[in-house]
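Peer 1: If you're matching them up, the sequences are chains A and B in order.
Positions 1 to 197 (the numbering used here) are the ones given, in order, by the first sequence.
Positions 1001 to 1679 (the numbering used here) are the ones given, in order, by the second sequence.
FYI, nobody ran anything at the bench for these hints, they're computed from the structure.
Fair warning: there could be bad hints in the mix.
Pulled a few chain A residues facing chain B out of the computed Cβ check, cut under 10 Å [stated by the list, open to error]:
| # | residue |
| --- | --- |
| 1 | L10 |
| 2 | I12 |
| 3 | V14 |
| 4 | E115 |
| 5 | K125 |
Where a beta carbon is used, it is the ideal one built from N, C-alpha and C, also for glycine.
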Amino acid sequence: MGRIKLFIPLIIFVVLAAILYWGLGRDPNAMPSALISRPVPAFQLPALGQLASTEDDNQVVAEQAEILDESLFLGQVSLLNVWATWCVSCRVEHPYLMDISETGVRIIGLNYKDEVGAAQQWLAKYGDPYAHTISDTTGGMGLDLGVFGAPETYLVDHLGVIHYKHVGVVDDRVWRTTLQPKYQQLRDALTEKKNDS
Amino acid sequence: MIAELGHFALILALGLAFSQALIPLAGTIAEKPLWIATARPLSCGQFVFVAISFACLVAVFLQDDFSVAYVANNSNSLLPPYYKVSAVWGAHEGSLLLWTLILAGWTLAVAMMSRALPDDMVARVLSVMGMIAVGFYLFMLLTSNPFERLLPFPPMDGKDLNPLLQDVGLIIHPPMLYMGYVGFSVAFAFAVAALLAGRMDSAWARWTRPWTNAAWSFLTVGIFLGSWWAYYELGWGGWWFWDPVENASLMPWLAGTALMHSLAVSEKRGLFRSWTLLLAILAFSLSLLGTFLVRSGVLTSVHAFATDPTRGVFILAFLGVVIGGSLLLFALRSSSLGATASFNWLSREAGLLLNNVLLVVMLAMILLGTLYPLVADVLGWGKISVGPPYFNFFFVPLGLLLVLAMGVGASLQWKRQASGSLQRLLKAPLLASPVLAVLWLLLAGWSLKIASLLGLAAALWLILFTLQDIWKKSDHSQGRRTGLGRLKPSYWGMVIAHLGIAVLAIGITLTSNYSDQRDVRLATNERIQVAGYTFLFKGVEQVRGPNYIAQQGSFDVFTNADGDDVKPFTTLKPEKRRYLATGNVMTEADIDGGLFRDLYVALGEPLGDGAWSVRVYVKPFIRWIWLGAFMIALGGVIAVLDKRYRKTPVNVTRGNVTQPSSEQKGAPKPALAHAKKGN
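So that you can see chain A by itself, here it is in the shape it has in the complex (with noise of 0.2 Å):
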């Protein structure tokens, strides 16, 4: 047993190494979620625009916020993007949102465990995409959404039920082969029901 237990460091390095080559030549994959058709989770959070950046931003005082819930998604249908500023990831993927929020996609923002302050800046430094931000500072609503890490990206219909979940950066690969398609049946589900009555 002694001599077995000298070549337990080794075995880890072989087994992270195995990984780091993977890591080579991987690519981003959609992952499902635990919520999918299912209705996004009650929330009611304040809207991350009209925020003051407080003395301490995790006690934000949301006085005079607008306050957000779920009837947000009713309507339309819209993405949900798990977003924050200490995500290297997301400052990845912002510049290929701006580009799908121009074409007319409605992106819902969940800024998720960060600073009301600096990811306001963001969103003036970098262009702001997104049709709604709710600020979940505490990292509750995101808790409620099996939220493993941002970024992620949710797809809502127009009752609000969650249809798709894809961790990890959205780009342009992602968007035309399995977001897009996705959206776009919904959104012409979503017009035939309102030609129809």
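Following the hints, put chain B in place on chain A, whose structure we already have.
Peer 2: Below, chain B alone, put in the same frame as chain A:
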């Protein structure tokens, strides 16, 4: 021509490194003194040629030779000369050359300063360092040649150095960091040499300690310069971001810290031998892993260099050989080192064991957090960033525990502490530290928070223990002054480094709990009050620098007690620079620094009508973070200066080995007596 000369010198250096890796090691196996004796001259030769190569690269930068691709990509004719020099290590290829230059420098230092060591040991150590060098030369020559030409159509001017890197901090930050990273290769080479020889005793630990301390001090300086640079150059006002590359430098630092302490036990008590060897391997492996993470593009980071998969594969293969090989050797050989003595749980050994466990757990948490995004990606969970919430959640309580343990542990005696004396030891710090922490906060007029009380009390606890220990150790029959004079540099080094940790902890605690930060819109002549200071915005004007044009804001700062007619006690001039060659816009914050608070102003975006979004911070005690880090590094340096490390070792734990003593220096040494493998 100069570029080709540099390229050629690099190839020659590879050849010498190759010989250095093979011949002396073969000599120890074949027991050929002549082969063994080649180790030192080959190390010198290797250093000379890599230095020539480096000088050539500096020269082509200073000459603005834009036909060299690396110069064209990272310099510009408008760049000031000192930045042209620092641009040499501003990107991948050149920083690798700097890395190898430093490796050759450490190798040379080992060759020069190891006269007291047995020749076969030196031969093994230098051979191992030669092997590492071969890997880096091949990496450079095969995938990242800094001397590649852009012929026949060189560009008229260069693309300029990344503006983020145009800063004094960045001239010295990478060399310091590399000195640390690469310096751990010495401890690594000593460990591998010990495994090859099958011999590790307290003399081995004593040889290794100063090298480890020196490398670790450089790494400390490198990390804190990086943090300092992020604070004032990135314009974010933070000092640590848990960025993968920051983590990559913190991991070897933690392993190195553990190694230093474990080496102390191995030297004094002959314990933890295998563990010490493993830590020595780990510290350097993590340094290499850091290089891999930064350069392969496996993780996204603000530091990311241009990514290239072939480079990634090469580094990974190199990691496999170096780390995998050394760990295999460890697995096969370390049991032969034997010698486990038991120790009492109430002793300094036990304290150091606790220190090691805590440091390694912290290290594992960071490694997990840094690689989790990658693991998640490999397992098909997508690209994810693990952010500060995770790291703070683990690091803060573990750090607190470490500081508490450090206070007691360093005051314990070797072998066994009588439990009665432990109570006497604990009494004063236990009672005084919470009281002083509360008093401090009350006197400063800050609100009492649990987090800040805990942090402060822990730091004070460590300070009180350290002072108490100095008091006890300086007790001498001829008076206290003689007693203080008797204390060794290695002891003072430890004291200063531990006090540095306390200062660092105070800085972190107070800054993170009592900083005041405002992001506001300010029109000209508007003012804002932050934490007892009034900032008056005087407007923005355009100024021109050597290679940029800047919007420069001007803020008069008053303390709130002052009226308007009083002269401001300082004027801050933050800038927003647009660099001409790249069009990049950079925020240049202006800071009024002080020992007890920093005033920090950064310009955001213009909002029309002369109004700007402005970020104003008042950060109490933030300088203590870097002051503490500096003390930690200084402690390491002072410990290296201890005369003890320059004496020839005489005490040997294994009976079958004879050590040459200093008197025998000139005489023929029984070097080959050691060449036989242990067991």
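Peer 1: Now look at each hint and say whether the structure bears it out.
Peer 2: Right, here's what the structure says about each hint:
1. L10: Holds, about 4 Å.
2. I12: Status holds, d = 9 Å.
3. V14: With a minimum Cβ separation of about 7 Å from chain B (threshold 10 Å), the hint on A:V14 holds.
4. E115: 8 Å, holds
5. K125: 7 Å, holds
The earlier numbered hints are all upheld by this structure, with none contradicted.
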